[in-house]
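The chain contents come next:
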Amino acid sequence: MSVLREKLNSRRGASILLALVFLLLCMMVASVILTSATANAGKITQRRNEQKAYLSVSSAANLLKEAVGSAQYERSETELYYSCWESPYQGSFTDSCEPTQYDTTAGVVSGGAAAQLLRAGADRVFLENCQYSAIHKGFGTTPYTAQFTVEPESGKDLYSVKGKLTMARDGQLTITLRAGSTEAADDYVMTLTFRCAIAQQSNTYTGVNPTEATREDLTHQLTCQHTYTYYDTVSKTDVTSTAVFNTAFTVHTVDLTWNTPVISKGGDSDA
Amino acid sequence: MRKNHRRGETLIETLVAILVITLSALLLATVTTGSVRINAAAREKDSAFRQELENAETGTRSESGTVTLRDAGGASLGSYSVLYSAGGDGALTSYRMEAGS
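These protein sequences, in sequence, are chains A and B. With the working numbering, you'll find the first sequence wraps up at 1040, consecutive numbering, no jumps. With the working numbering, you'll find the second sequence wraps up at 169, consecutive numbering, no jumps.
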């Protein structure tokens, strides 16, 4: 301490001391200038990675916007009603059949790969909206979810994008996308929300040829034949005969399409 | 002893001090010039980067390719024909669905 005080009071070597202080000051200023300049240059590399994640996710979002927008789901249910139950012949049938039969086709999707992703969820929406209680099974208690990946060609400098699809009981579709790589330091998340248009149509056909009346995949027999016996008052004996009855055939079709989505930044981080 | 206290700086001391100050100023000048050069290069890179990003987004240089959609298990659900747009010699690329695919 006394050495320092002595040095401070000393009149010798002050110029060197001042020069050294000036050197220290210059070094500090220089290091600040140099650090800020290199940090500025380093930001470009960081921004490049951020933009790569952004381009990967936004490209996938645009692709899905087009792909889901052109996807369509169609499924039918049928009711086959036998008129033999409506107007029984005089006497009694020796055989019979169920008065009505219900059936449904498999859901048909069009619109490429994205449509395949939607099929299972769309099936649940169909079961929620179908006409006949024998087929109706309901959507279930939880929204339908599915995970998928949008994978660009190898060699392209883009990240694979991970997606999570959620379909509600009204068909509304929410797709959350994020760059699916650990390299993407800054996670870029985008959400697409599609509203679903549900179109329903019913057509009833009576006693006509199945190929004219229905779609190709519906192969129901449109008539039924029954054996019946009755008492003939003229001959006073029991007579056995057969009769052919027409059926009423109703096809109820549900079509699902998804409109142009709202695309927003951010979303469910668990995607 | 008093005489010593009144004595001024020696010529050597003064010269050393001047040398140290000159070196310090030189250091500061060199670093400042260097940082100006680094900043100019960064500005140039930034400008090129912006141009590359714009090219990647607008698709001025496009080439055909595919994008595959995979389910959670990694199985392919199908592919889409797309146009890849490279921003330039750099890495930035985007893609969009090819018309009619």
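Any given hint could be a false lead.
As the list claims (entries may be wrong) - Ranges between beta-carbon positions, derived for each pair:
1. B:Q119 with A:L803: 24 to 32 Å
2. A:S839 with B:A108: 46 to 54 Å
3. A:Q916 with B:A108: 42 to 50 Å
4. A:V798 with B:G127: 41 to 49 Å
5. B:G127 with A:Q815: 23 to 31 Å
6. A:Q841 with B:A108: 53 to 61 Å
What the hints assert, rightly or not - Simulated coverage check for chain B against chain A, where a stretch passes if three residues somewhere in it have a Cβ under 8 Å from a Cβ of chain A:
7. 110 to 121
8. 126 to 137
9. 160 to 167
Don't read these hints as lab results, they were simulated from the structure. Quick reminder that beta carbons are idealized off the backbone N, C-alpha and C, glycines included.
For each hint, the structure was consulted:
no., hint, result
1, B:Q119 with A:L803: 24 to 32 Å, "holds, 28 Å"
2, A:S839 with B:A108: 46 to 54 Å, "holds, 49 Å"
3, A:Q916 with B:A108: 42 to 50 Å, "holds, 47 Å"
4, A:V798 with B:G127: 41 to 49 Å, "holds, 47 Å"
5, B:G127 with A:Q815: 23 to 31 Å, "holds, 25 Å"
6, A:Q841 with B:A108: 53 to 61 Å, "holds, 56 Å"
7, 110 to 121, "holds (count 5)"
8, 126 to 137, "holds (count 5)"
9, 160 to 167, "holds (count 6)"
Every hint, counting from the list given before, is met by this structure.
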